[in-house]
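Engineer: Protein chains in written order, with the numbering used here: chain A, 1 to 294; chain B, 1 to 252.
A portion of the hints provided could be inaccurate.
[What the hints assert, rightly or not] Have a look at the derived ranges for each label pair, beta carbon to beta carbon: (1) A/12 to B/143: 48 to 54 angstroms; (2) A/40 to B/17: 51 to 57 angstroms; (3) A/189 to B/178: 25 to 31 angstroms; (4) B/215 to A/98: 48 to 54 angstroms; (5) A/189 to B/38: 31 to 37 angstroms; (6) B/178 to A/22: 32 to 38 angstroms; (7) B/206 to A/22: 33 to 39 angstroms.
Treat the hints as calculated values from the structure; they're not laboratory data.
Where is the CB? At the ideal position from N, CA and C, for every residue including glycine.
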Amino acid sequence: MFSRVQQTKMQRLNELRRTSVNHLVTVLAIFSTILVLVPLVAILGYLIYKGASSLNLAFFTHVPAPVGEAGGGMANAIAGSGVILGIASFIGVPVGIAAGVYLAEYGRGRMLGNLVRFTADVLNGVPSIVMGIAIYALIVAKQQHFSGFAGGVALAIMMIPTITRTTEEMLATVPHAVREAALGLGIPKWRTVISVSLRTASPGIITGCMLAFARVAGETAPLLFTAFGNQFWSFNLNQPIAALPLQIYVYAISPYDEWHRLAWAGALVLIVMIMAAVTLVRIFANRGALKGGH
Amino acid sequence: MGVDIRVENLNAWYGNTHTLQDINLHIPPNQATALIGPSGCGKSTFVRCLNRMHETNPIARAEGTVMMGDVDIYKDASPVEIRRRIGMVFQRPNPFPTMSIYDNVASGLKLNGFRNKRMLDEVVERSLKSAALWDEVKDDLRKKSGASISGGQQQRLCIARALAVDPEVLLMDEPASALDPVSTAKIEDLIFNLKTQYTIVIVTHNMQQAARVAANTGFFLNGKLIEFDATTKIFTNPSDKRTEDYITGRFG
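Pulled out of the complex, with its shape left as it was, chain A reads as follows:
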């Protein structure tokens, strides 16, 4: 056996080891957090540095100027991106959520359910350029012209798997007891799914939709063969339409310094718009929240 003095000594040593390990882990965690934040801040900072000086009112109100002429803006591309993303969300969000509801509430253990889940996972891994070519073959080639609609469909299909799988996973976290409560009140199953299960899972589902939205908002490849881009104003869904990522791409690979500056500004505007959209949806979704809900 150890003497009392030896025991106290060992306790002190143990304590020293515990506190130092504790400090080490804390420092590592903080370091990793900073490591994660560095690229984000660096990218945003560099975009502001390169792009902010080219931002002016004309950028948001004018269409691109012809080569050699100074000035011009990306107003049509900003609006075009809005239109394409609107179409994509209009199709992608309801279809994605509905498929997720099927997987979570009806398709458990069924052949069709497993098939849909597998398809969604594969679709999630399809490179975006392949998606563009597929939509080119399915819509653009059939219609014989590029169109904003085709671009919207391409982005919608890219949104669906993310939304479907998040919806399914979020619905799975809704406690069984809550569903039973609704069924026990004589509320039909479809109503229970909409007003109880989906409502309880909605914060997570909204996050999934925003992730999907933010991801496709910056996609260029699927739009190259579908929306195609446009130097002028166009709101006709059957015509080629401008989009910010396309405009940035075209300007960035051009040989003109003025266009390079505009490309930087466009990239900055794109990122800020995505962040603004995500923040707005969050604020809007939290507005109706109750005290002590989650």
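Could you slot chain B onto chain A? The hints should help.
Structural biologist: Coordinates of chain B only, in the frame set by chain A:
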């Protein structure tokens, strides 16, 4: 008003497990009836067969006749209709977390398409008063979530929610087992008052609770109803040896 329930040759299965075997029982109207027995004896399955919740589990199956008044609940009506007439309170309080206290109580009506606001206000107030919760929550009805109040309050909220659809029968599956003694006493007082208007079936592990609230008591063991009689008779002079062993604590 409450209605009587007559159960004839009720059998229930979970997969291949024969959970309930030939249950025959008459539950009188406007009284509380207690069901006691060790864990896994089938008493929860039995109440879940009474409002057809049993069949919501895909591997579950039930056979036999359950008459509520003159309605055969397995033949004459859809499960949704039956569950509106037979309310249920579960073991753990399960308020809807994303709904306010008001919406929790109104949910049974609102989600079935009932929209008259004035009537809803009335029903919510009356139900919360019947569940002895009104005074504690009346100032936060629309501000607070149903999940933000204490466990005992949540369970009374669930009772109010069940009462709001105006059922004839109230099934309670160990309604106080997750609650502290003070909340339990409140629930028991509530059962005592509610039985004048509703037929109440209460599953409980607590034999004192059965003795306090119920006029009749049934003893379940291994999926069979061993004995059903007046509560005083069950607890003072049971006819079956197994009932006596259980209530004197020799097993279970």
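Engineer: It remains to establish, for every hint, whether it holds in the given structure.
Structural biologist: Do the hints match the structure? See the list:
no.	hint	result
1	A/12 to B/143: 48 to 54 angstroms	holds (53 angstroms)
2	A/40 to B/17: 51 to 57 angstroms	holds (55 angstroms)
3	A/189 to B/178: 25 to 31 angstroms	holds (27 angstroms)
4	B/215 to A/98: 48 to 54 angstroms	holds (50 angstroms)
5	A/189 to B/38: 31 to 37 angstroms	holds (33 angstroms)
6	B/178 to A/22: 32 to 38 angstroms	holds (36 angstroms)
7	B/206 to A/22: 33 to 39 angstroms	violated (45 angstroms)
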